[in-house]
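Both chains come to you apart, so use the hints to assemble them.
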Amino acid sequence: MMNSILLVGIAIFGAVFTSILSIELKQGAIRASAMGSLVVALYFHFLPLVSSSYLTQNIPLIYFGSSFVGMVSPSIHPNRVQIAISAFVYSIIYLNTEGIFLQYGGRLGASAFIGISFTYGFQLALKRVKFFQYLKNK
Amino acid sequence: MPRETNYCIKSIDSQSQFFPLLNQLKLKRLFHFVSLALFPGLNFYFLFGVFLSRGPEPINLLIFSLLCIGTIFSLKSQLNFEQNNQAFFSDLFKAVLFVIIGAVLTFYLMLFFHLSAAISSGIIGLGASFLPLLKRKWGYATQLPSLMYCGTFVGMTSPHIANGLTFIICAGFIAGVLFVVSRNMFIGFGGKLGAVALWAVIITSFLFLFFL
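As you go down the protein sequences, you meet chains H and R in turn. Note that this note's numbering has the first sequence beginning at 1, numbered continuously upward. Note that this note's numbering has the second sequence beginning at 1, numbered continuously upward.
No lab work stands behind these hints, which were simulated from the structure alone. Since this is a predicted model, take the numbers as computed values, not measurements. Please note that the accuracy of each hint is not assured.
[Unchecked claim] Across the chosen pairs, the derived CB separations fall in these ranges:
hint: 1; chain 1: R; residue 1: Lys-76; chain 2: H; residue 2: Tyr-43; range: 40 to 50 Å
hint: 2; chain 1: R; residue 1: Ile-69; chain 2: H; residue 2: Asn-79; range: 19 to 29 Å
hint: 3; chain 1: H; residue 1: Phe-46; chain 2: R; residue 2: Ser-77; range: 37 to 47 Å
[Claimed, not checked] Just so you have them, the derived chain H footprint on chain R, three or more residues with Cβ under 8 Å:
hint: 4; segment: 26-38
hint: 5; segment: 44-51
hint: 6; segment: 55-68
hint: 7; segment: 107-121
hint: 8; segment: 179-189
hint: 9; segment: 192-198
Glycine included, every Cβ here is placed at the ideal spot set by N, Cα and C.
The shape of chain R in the complex, shown without the other chains (with noise of 0.2 Å):
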C-alpha cells in the first residue's frame, strides 16, 4: 500500500475515535455545505454593505443585482460533492497554527515597526512562498503558504477594530478552520483566503463585541 493512502487511512481511523458519532462522509458532506452557505453568504453581506448602506440608489441596486445574480450562477460549479480520502484533523492543528503564525507576524510589524498594511503582509507573503524549499525535509510546506498568506489578511485588520493580540489569535484560528472547512470548495478562485479571513475578522469582531 502506498504510504500516502495508508497515512489518510491512519488519520481518518484516528479521527473516527475522536467524532464517534460524525462519520467522514457525513462530516465532509457538512462542510461541503458549510462552505456553499460561507462564500455566497460573506458576498451578499458585503455587497449589501458596500451598495445598499447608502441607501437604494438605482444604479447601486442594479450592481448590486448583478454581482449577486453572477455569484449564484458561479455556485453552479461548486454544487458537487466529491469524496476524497484528504484528511481534516490531522491537518487541523498545524493550519491554525501557521495561519495564527502569518497574522501576529503582520500585525506585529504593523504595530512595532509602523509599516503599512501592504508592506507588512508583502513582506511576510514573500517569505512564506520560500518556505516550499523545504518540501524535502517537510512534506506539509508546500501548504504553508496559502496558510500563512490568509494569516497576513487576518493581520492587516487595523488596531482599532484588533484591540489586541487576543483579537489577531482569536481571528486567526477562526480562519484556520474555515480554510480547513473550505479547501474543497472555489479551488482556483483568487481572494478566497482574503474572504477567509474577512468571515474570521467578522466573526471575531462580533464575538469580541457580545462576550468581551
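Isolated chain H, as found in the complex (with noise of 0.2 Å):
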C-alpha cells in the first residue's frame, strides 16, 4: 500500500515536474520529458534501491510514463491541478497493468493519453452543467 502511495506521488510530481521544464523553463516537451526520465532513470540504474526492487524497478518507468502527461499542452490543461489529475488516473491505470502490455513498447504513453483523455473529457462535460457555470460566475 505504502509503495502504491509512493508511486502514486512520483507520478503527480513527475507530470507537475515537466510541466514546469516544458512550459516555464522553455525546454520544449520533448526534451523536458528525455531529460528527466534519463536523470531518473541513471540514478536508479547505478544507485539501485537496496530495500526495495519493486520501487528501483518502477519508479523510472512511472515517472517516465507520468512525463508524458506533463507534455500536454496549456490549450488541454490550462492549469497543474488539472495536469495532478491526470497523472493520479495514470497511476490507478499503471498499477492496474500488471502482467497486461508487459513488454509492449508505448504501454506508458496509452495509458497517459487516456489520462489526459478523461479529464479533458470531464472539464469539457461540466462545463455544460448549469451548476458548474453558476459557481464559475459567482
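Pasting the structure below:
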C-alpha cells in the first residue's frame, strides 16, 4: 500500500515537474520529458534501492510515463491541478497493468493518453453543467 | 505567391497524380474518421485488458466505465473536420524514415548495451530534442523530435515480443503512417505518440502471429 502511494506521488510530481520544465523553463515538451526520465532512470540504474527491488524497477517507469502527462499542451490542461488529476488517473492505470501489455512499447504513453482524455473529457462535460457555470460566474 | 503555399499546391498536385481516385478532401476526411476510430478504440481495448481481463469486479467495472465515459466526452472536441493544405504523402516518407531510425536506435541500445528501456528512450529522445537546431539548414528538422520520440516508444518493445529487427522496422513503418494520418487530431494531448506506438506494436504483433 505504501509503495502504491509513493508511486502515485511520484507520478504526480513527475507530470507537474515536466510541465514546469517544458513550459516555464521553455525546454520544449520532448526535451523536458526525455531529460527528466533519463536522469531518474540513470539514478536508479547506478544507485538501486537495496530495500526494495519493486520500487527500483517501477519508479523510473512510472516517472517516464508521468512525463508524458506533463507534455500536455496548456490549451488542453491550462493549470497544474488538471495535470495532477491526469497523473493520478495515469498512476491508477499503471498500478493495474501488472502483467498486461507488459513488454509492449507505448504502454506508458497510452496510459498517459487515457489519463489526459479522461480529465479533458470531464472538464468539457462539466462546463456544460449549469451548476458549475453558476459557480464560475459567482 | 509565398513559397510555402506554392510547395503545398505542388505537393497536392503530385499526390493527385498518384491517387487519382481519391481527391484530397475525401482522403483527409477518411484520415479524420480513421483517427476518430483509432484512439478511442485503443483506449477501450487497453482499458478492457487492464481492468476487465481478470474478471468483472465492481470497482474495476466502475473505473473502466468512468474512463470510457471520459474518453467519449473528450472526442467531442475532435469532431470538427478542419480543412487545411497540409500535404500528406510528401511527408509520409520522411515521417516513416525517422520513426524507424528512432525505433532501431532504441532497440539496439537496449539489446547491445543492456540498458533499460527508459534509459535508451531517454538518450535518443534527448538527442532528438536538439535536432531543431538544424532548422536553418533544413526546415523539416523541427518535426524530427516528435517523430524520433515516437520511434523510441516502438523500440522500447521487449525482445521477447519483438523477435528481431524486422519486427521493429515493420512496427516503425506502421507507427510512421499512423503518425501522419492522425497528426491533425488530439493535438497537444500528452501520450499521443505512445498511443500511436502501442497501436503499431499491437498491429505488428498480430501480423507476425498470423502471417509469419
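Hint check:
1. Lys-76/R to Tyr-43/H: 40 to 50 Å: With a Cβ separation near 41 Å, Lys-76/R and Tyr-43/H satisfy 40 to 50 Å, so the hint holds.
2. Ile-69/R to Asn-79/H: 19 to 29 Å: The hinted range 19 to 29 Å holds for Ile-69/R and Asn-79/H, with Cβ atoms some 22 Å apart.
3. Phe-46/H to Ser-77/R: 37 to 47 Å: 43 Å, holds
4. 26-38: violated (count 0)
5. 44-51: holds (count 5)
6. 55-68: Satisfied; 4 residues make the cut.
7. 107-121: holds (count 6)
8. 179-189: Our answer is that it holds, as 4 residues pass the Cβ test (under 8 Å) against chain H, meeting three.
9. 192-198: holds (count 7)
Hint violations for this structure: number 4 only, all remaining hints satisfied.
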